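Visitor: Now for the letters of each chain:
2 protein chains.
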Amino acid sequence: MNSDAQYAASPAPVIASGVLPVLKQFTLPEALGFGRVMAPIMYRAQFRNGGWQAAQVLPYEAISIDPAAKVLHYAQEVFEGLKAYRHSDNNVSLFRPLENWKRFNRSADRMCMPAVPESIFMDGVSAVSSLMAKHIPAKPGQSLYLRPFMIGVDASLGLAASLDNDFYVIASPSEVYQQGSFKVMIERQDCRAALGGTGNVKVGGNYAAALAAGRRVQAAGFDQSLWLDPAEHRYIEELSGMNVFALINGALHTPSLSGSILPGITRDSVLQLARLSGVEVIERSIDINELLEAVVSGECSEVFACGTAAVITPISIIADGDIRYEFKAGNPFATQLHTLLTDIQEGRGEDVFNWNWPLTDVNVLDTSDSV
Amino acid sequence: MNSDAQYAASPAPVIASGVLPVLKQFTLPEALGFGRVMAPIMYRAQFRNGGWQAAQVLPYEAISIDPAAKVLHYAQEVFEGLKAYRHSDNNVSLFRPLENWKRFNRSADRMCMPAVPESIFMDGVSAVSSLMAKHIPAKPGQSLYLRPFMIGVDASLGLAASLDNDFYVIASPSEVYQQGSFKVMIERQDCRAALGGTGNVKVGGNYAAALAAGRRVQAAGFDQSLWLDPAEHRYIEELSGMNVFALINGALHTPSLSGSILPGITRDSVLQLARLSGVEVIERSIDINELLEAVVSGECSEVFACGTAAVITPISIIADGDIRYEFKAGNPFATQLHTLLTDIQEGRGEDVFNWNWPLTDVNVLDTSDSV
Numbered sequence: 069m070n071s072d073a074q075y076a077a078s079p080a081p082v083i084a085s086g087v088l089p090v091l092k093q094f095t096l097p098e099a100l101g102f103g104r105v106m107a108p109i110m111y112r113a114q115f116r117n118g119g120w121q122a123a124q125v126l127p128y129e130a131i132s133i134d135p136a137a138k139v140l141h142y143a144q145e146v147f148e149g150l151k152a153y154r155h156s157d158n159n160v161s162l163f164r165p166l167e168n169w170k171r172f173n174r175s176a177d178r179m180c181m182p183a184v185p186e187s188i189f190m191d192g193v194s195a196v197s198s199l200m201a202k203h204i205p206a207k208p209g210q211s212l213y214l215r216p217f218m219i220g221v222d223a224s225l226g227l228a229a230s231l232d233n234d235f236y237v238i239a240s241p242s243e244v245y246q247q248g249s250f251k252v253m254i255e256r257q258d259c260r261a262a263l264g265g266t267g268n269v270k271v272g273g274n275y276a277a278a279l280a281a282g283r284r285v286q287a288a289g290f291d292q293s294l295w296l297d298p299a300e301h302r303y304i305e306e307l308s309g310m311n312v313f314a315l316i317n318g319a320l321h322t323p324s325l326s327g328s329i330l331p332g333i334t335r336d337s338v339l340q341l342a343r344l345s346g347v348e349v350i351e352r353s354i355d356i357n358e359l360l361e362a363v364v365s366g367e368c369s370e371v372f373a374c375g376t377a378a379v380i381t382p383i384s385i386i387a388d389g390d391i392r393y394e395f396k397a398g399n400p401f402a403t404q405l406h407t408l409l410t411d412i413q414e415g416r417g418e419d420v421f422n423w424n425w426p427l428t429d430v431n432v433l434d435t436s437d438s439v
Numbered sequence: 069m070n071s072d073a074q075y076a077a078s079p080a081p082v083i084a085s086g087v088l089p090v091l092k093q094f095t096l097p098e099a100l101g102f103g104r105v106m107a108p109i110m111y112r113a114q115f116r117n118g119g120w121q122a123a124q125v126l127p128y129e130a131i132s133i134d135p136a137a138k139v140l141h142y143a144q145e146v147f148e149g150l151k152a153y154r155h156s157d158n159n160v161s162l163f164r165p166l167e168n169w170k171r172f173n174r175s176a177d178r179m180c181m182p183a184v185p186e187s188i189f190m191d192g193v194s195a196v197s198s199l200m201a202k203h204i205p206a207k208p209g210q211s212l213y214l215r216p217f218m219i220g221v222d223a224s225l226g227l228a229a230s231l232d233n234d235f236y237v238i239a240s241p242s243e244v245y246q247q248g249s250f251k252v253m254i255e256r257q258d259c260r261a262a263l264g265g266t267g268n269v270k271v272g273g274n275y276a277a278a279l280a281a282g283r284r285v286q287a288a289g290f291d292q293s294l295w296l297d298p299a300e301h302r303y304i305e306e307l308s309g310m311n312v313f314a315l316i317n318g319a320l321h322t323p324s325l326s327g328s329i330l331p332g333i334t335r336d337s338v339l340q341l342a343r344l345s346g347v348e349v350i351e352r353s354i355d356i357n358e359l360l361e362a363v364v365s366g367e368c369s370e371v372f373a374c375g376t377a378a379v380i381t382p383i384s385i386i387a388d389g390d391i392r393y394e395f396k397a398g399n400p401f402a403t404q405l406h407t408l409l410t411d412i413q414e415g416r417g418e419d420v421f422n423w424n425w426p427l428t429d430v431n432v433l434d435t436s437d438s439v
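Chains as they are written, first to last, in this note's numbering: chain H, 69 to 439; chain F, 69 to 439.
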């Protein structure tokens, strides 16, 4: 089913008694947006006394956390984002979930948290997706956005890694992150992550550090910050939660993984699709001034963002203080890549890289039965 | 009472019905440590619909958090640490609490969170300290460690600042952070915060980024990481949660506030006490190699850490990989400063700077009465 690794099946999680009733009651609202409508169920596995306890699917509800828990003071928290797509045959397919699992454990290691076994991670995303199958919106751009996360719950105030940790999968039936294009603003003041910091893993602190720049960006009428490197504030890095690509003289350029950039799974998919299309791909340090000059000269004809939530979204304006660099020639290359990628994700195109992970137990649980 | 600012009294918080019984049942264990024994009560004020709601003192208990809350994914969280001391006359005194309040709000602003009014912050730390008055341990080095913190609780998965925020004060009857001295190890690999990041405010992500280095340090038999600057990995910054001082040729040197160092309140107190003692104080960039050479030559005779939890703790060894730089001549200067500072904090010495903030309503609530 997937060439990357073998999915070791583990015992099915216990489904708590309240789960099927809340699924039965759930209806998908007309307006979804991104990450606003939460699935009525969640998956939980707890790490206690050095081992993982039996996992459960539970009704989605507030969780109890000790006020001294590490996650609330020292941000010991990691997360992932991936999507389940409902295809036209009503089968449900995850997109490259093992890549998320691997990155999740790199993040967990950076945060001194236990690795989540493949079986638990995959059980979690599979169980939530399968149980939600009937409620996964299936128009183009729609999916079930899955959010695995883990938090340190030890209750003491000394700075130390938590021994007890809770792993959850929650989910949100969602649209793509943003319709249309992004207007981005070069962030000349703040940095999202230090070299030797946590920028190359998916942990809360990176995003917390980005909030203030996000506030300035939105006050100026833009959508996203374009981050520069933390050492020299000169080389482009990423948007918050998205990687960046530039089409320059027909070749596709993207910042190399410097250590403070998140290695995006969509980034990797874009690189593979571009190579398959015969486009030259160049991973390198990209000086922001060089990029802006190439935009002015026309050598750089397109810039776009990519990520799980954003998929592939063109950038229409790059602002540098009061100066605006606009792209007016449309986005033929980003559009072509978007079609290639979403045709695979949404089940219309041939899955040439074996990226899709079809779930086999969908509809096994008929939530229309009374419990 | 305190020259820094006027404490605007506000309505006393509502004391929930379970508070006096749990206080009555509470007994202080023999062994305290730091941050391990939690006070049985907590203070909570909630920011909703753009305003602060009436605060409450509650029994200490697990809090309910939506699994999609910003704090659990994007580390939108700030905190402070300060201490309440029970003096020999049984009065309780906070140490420079307004400085913590001011820094808390600088941290909150960096995290795009609402400012906590002085009245709420001071009510919180005062109410918890007053109610706990009889249980504040009062031997030298002991205190009630207070932990105000605020978390973003909006439940949605898009990266955005939370509109709803919860402010808490929890507390722990504690010893000093560590008895004796610290063995520190120069951290040559990681950084705790970027320039333009969040190192100069007290937010979870800084501490999360420090956990992995802490794991290496402890595996090597040391206590703390000595962080270098994020741009060049060359200038000393701080320990995680403590500032650093070096006595070189009789003058007191400490890293200047570079933007990635926390402006410690104990750091400021040490600077003022040293100046008062007629010692020259020099805030500057300190090259780690210069410092190590000065240790070897004997020009640097003492290095010590300071912070609310650690107060003033000598550093006995600085390790750089396998090389160890040891201080064997005792710590007369750190010891003298420690005496000056703790004599004020613990009520034995003259409070020349008006740092103490005596609570006036202590013992008003007699917890020995039945409720």
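In short, the hints are calculated from the structure, not lab data. Treat each hint with caution, since some may be false.
Note that the list lumps identical chains together, so a pair holds whenever it fits in one copy or between two copies.
[What the hints assert, rightly or not] Dumping the calculated SDA-like pairs for lysine to any residue here, alpha-carbon to alpha-carbon at most 20 Å:
#1 K251 - A228
#2 K207 - E418
#3 K251 - L227
#4 K170 - V364
#5 K251 - G226
#6 K92 - N422
What you are looking at is a predicted structure, and each value in this text was computed from that prediction instead of being measured.
Visitor: For each hint, tell me whether it holds in the structure or not.
Guide: To see whether the hints hold, each was checked on the structure:
Only between protomers do K251 and A228 lie at most 20 Å apart by alpha-carbon distance; the minimum there is 17 Å, versus 40 Å within a single protomer. When the C-alpha separation of K207 and E418 is checked against a cutoff of 20 Å, the pair qualifies only within one copy, where the shortest distance is 19 Å, while the shortest distance between copies is 73 Å. In this homomeric assembly, K251 and L227 come within 20 Å of each other (Cα to Cα) only across copies, at 16 Å, whereas the closest approach inside a single copy is 40 Å. Taking the shortest alpha-carbon separations for K170 and V364, neither the intra-copy value of 40 Å nor the inter-copy value of 45 Å comes in at or below 20 Å.
Proximity of K251 to G226 under the C-alpha cut-off of 20 Å is restricted to the inter-copy arrangement: shortest distance 17 Å between copies versus 42 Å within a copy. For a Cα distance limit of 20 Å, the shortest separation of K92 from N422 qualifies neither inside one copy, at 33 Å, nor across copies, at 64 Å.
In this structure, the hints that do not hold are numbers 4 and 6, in rising order.
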